[in-house]
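Given the structure of chain A, go ahead and fit chain B onto it with the hints provided.
In the order they appear, the protein sequences are chains A and B.
Numbering-wise (our numbering), the first sequence opens with residue 1 and increments by one.
Numbering-wise (our numbering), the second sequence opens with residue 1 and increments by one.
Do not rely on the hints blindly, as some may be mistaken.
Examples of chain B residues toward chain A, derived with CB under 7 angstroms [said to hold, decoys possible]:
#, residue
1, R324
2, K327
3, W328
4, S330
The set of hints was computed from the structure by calculation and includes no laboratory data.
These numbers come from a predicted model, not from an experiment.
Where a beta carbon is used, it is the ideal one built from N, C-alpha and C, also for glycine.
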Amino acid sequence: MRFKHLLVLILLICTLFSLWGCQSSAQVEPVILKVSYPSVQQFYRDYGFGYEKKYPHIQIQVVPYDWEAADPGKDADIRYMQLMSDYKQQIADGKLLSLAFRFQQDRDEELLKISPIMATLLKSVADNGELYGVSPTFEGIGLFYNKDLFTKYGVALPTEGLSWKGIYALSMRFPKETADGKPLYGLQFDNNPRTVMKYLMEAGRTEGLSYIQPQSLQVTINTDRWQALLKDAIEAFRSGSFFAENDAGNPPFLTGQAAMTIGNLGSAYNYEQFAKMEVADAINWGLTTPPIDPGQPERSRGYSIHEIFGISADSTHPEEAWKLLKFMISDAENTRYMTNYQNRGIPVITEFTQPIPGKDDLSPLYRLEANPDNPDPYLWLDHEIVNAFHDTAQPIIEAAIQGDMTIEEALAEIELKGQQAIDAKKQ
Amino acid sequence: MRTFAMILFAFFLLPVVLTGCSSPKAIPLVEKENVTLNIGYLSEEDFEQRYANILQRQYPKLRYNIVPMKDLYRGQATVQEWMQQHQVDLLYIPSHLFQSFIDQGQLKPLEPYIEGDDFSLDNRVPEVMELTRLYGNGIFYGLPPTFYGTAIAYNKTMFDQAHVDHPTSGMSWNDLTILAQRFPHGLSFTDKDAWLWIQEMGYDLDLQLYNEETRTVTFNTDSWLNIWNSAIEPLRNGNVLFDDINQSPFHTGDRAMVMVHSDQFKQLEQLVADFQWDLITVPINPAHPDVSDSLRAQGYYAIPQSSSNSDDAWEVMQFMLSDRAAKWVSGDEYGYSTLLDQLGNNAEEKKHRSVFHQLRPLLSNPTSLPDYLRELAAQTLDELIAGTGPITMADLDKLQKQAELLLQSEAPKSTEE
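One chain only, chain A, in its complex shape (with noise of 0.2 angstroms):
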């Protein structure tokens, strides 16, 4: 009797919570959630419709960013941000609330997966080292080289964590020409602009060398480490075995008139995109880590966010604009059809990046360790600045290539003239 009893009080109670599941799912606020970003449409179609659709009570108001305002991010929930300045400002002004707790105490495990290299940078910028956004995507540069070139001319391979100077003896031993007379190089960029002075500056930052201190605008490049760094590079730019045109066409590597390139995951896409374009032989490309800093060879500066998320310090809704954040970084399927559209980075679950069928691992990409230490002045200064600068020791460095100067003497002459375009720029 008293089994029964005990039944009929289980059964009830079981009915009663039964009930009041269904209640309480039907009581769920609805909650909107306003984000800040410049397409309305890409942001829902990239993250906001697969949001929706896991959480079907939250609904997101993209928030057109108006770029003329003096704070775009005013009223919104979610603040969007291009630059690591601008993250960093709004971190010192207090408008962005620190995640630091919700990842320690998100049990999620997702969330384990993340690479560490988004968070060694956006942790880089904040005084007291906390996390105060996130980024979906970073981007990462590797060493590309052309297999077949390799090969034809005998040289072994590019290996591993290779420095500048692995780089300028490996560039040197192709011939200049190929079989059939065309052009033949070592290394080019894959971006503009491609100077002797930008190769030199892209060594100097890999290693950690700034050359522009970015609060006093003051120009320090006549130094040991500079000049050390200059004289093993200029036998390779002597030998003009480094592309240095800007605009001239097809970039060699494209045509298979160039044995190394730098490039980032949407280069790698690029090289296939372009075989099927100009129904050329597709490259046989391979991979490897970008060049290193020979005194942290485990690590690399050559690490990049273009696209920051953080949560208002004023939102009222700071539970939905997590979940959306981790939504935003971590949740599988949506990054899946994220990577479907190329040229988005690389997802912050670096496992998720899609392979490109036959060709090398892209992993080279993103495998070493993020040195937050990147001296670029591109990332903190006003680029008009930095261009007056390049422009302006561009041709103190051909000099110095022509030996119509010292190496001593085109560093001193390009910090005394280089001050001089910055300061005529600053006013």
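Frame of chain A; chain B shown alone:
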């Protein structure tokens, strides 16, 4: 044994209790395997351009084919022919073909679906819903995701500087034309010429012009004469202008008013102008001041009678009409969303855009003049503009005579019988 029976009973009851709150509906489409839907749309590329992979995203298991309706759009096939040749489960019917589909009995009334699913239409632009019902004589045979409208924009600053009262919604053509004459460049059109403007004003007053069946034309009535005369001075003086659609003199502050279609309105919304502007409705017929025929749907989702899977088609259709699909498409390339919530990004946009659907709809289908009569009318108008003084009935009588002669000499339209 009784306790055992009790446990058994409890076990049977538990699932009933647990599922008690979920509706007794069949499996949702998202979870269904092996469903294929044939969707009629202009073309696969056009569907792709508008919707990209939205259906894969929403229904990863669903297979669908886009059945191109190009032939039908171009009039190379009749509705009946096309429907006989194609097996489709869901259709997106362009506005100009919607009536034919209904008249031929090709479409399922949607009321049973709407009621059965508690699919609310309350959150939709009511005038567009009314328009939809007008086609079906009170019955929904389709539902439009987007619509187009027309409005008049006016330069507030210019009105204030000239100390002229702002125009208001629901003005007659006559009042608007008088108002236009208060400004050197009062009113601009970008979609018509002077004759088409006069014709439109007549049609809006329900005047007869041409009867295709009897091949008779009516130019010379008092009502038409009034319209010609209301227009002639503003035309002579350039108060009413017909501007190139690619030039926008209103945007540079050179026109007091402009008739603007919803698909060109974005340019005005994005304009950083050194003047203020606002919107009013298109002019109306004082005999029925709350209606206008300027409201149009871009197209209608509909379920054909021959659909072999109308339930799943209805589910996809509901989704295509949802706020999520509206946000996915966003922009206004395909018209404004019929969902009130999605009509604009902010209060100001919503306020402006609501002017485009403010007047109740009207289905009017005035027959257009044959080309040679249109040319004759336009030529007559040009001559009268070049002249002086008011237009007389003698002018219109002359036009009428010439038109009748042309109608006699032109061979009747060949009809294929």
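For each hint, the structure was consulted:
1. R324: Since chain A brings a Cβ to about 6 angstroms from R324 (chain B), closer than 7 angstroms, the hint holds.
2. K327: It holds, given that the least Cβ distance between K327 (chain B) and chain A is near 5 angstroms, below 7 angstroms.
3. W328: With Cβ-Cβ at 6 angstroms, under 7 angstroms, it holds.
4. S330: holds, 4 angstroms
Taken one by one, the earlier hints all hold for this structure without exception.
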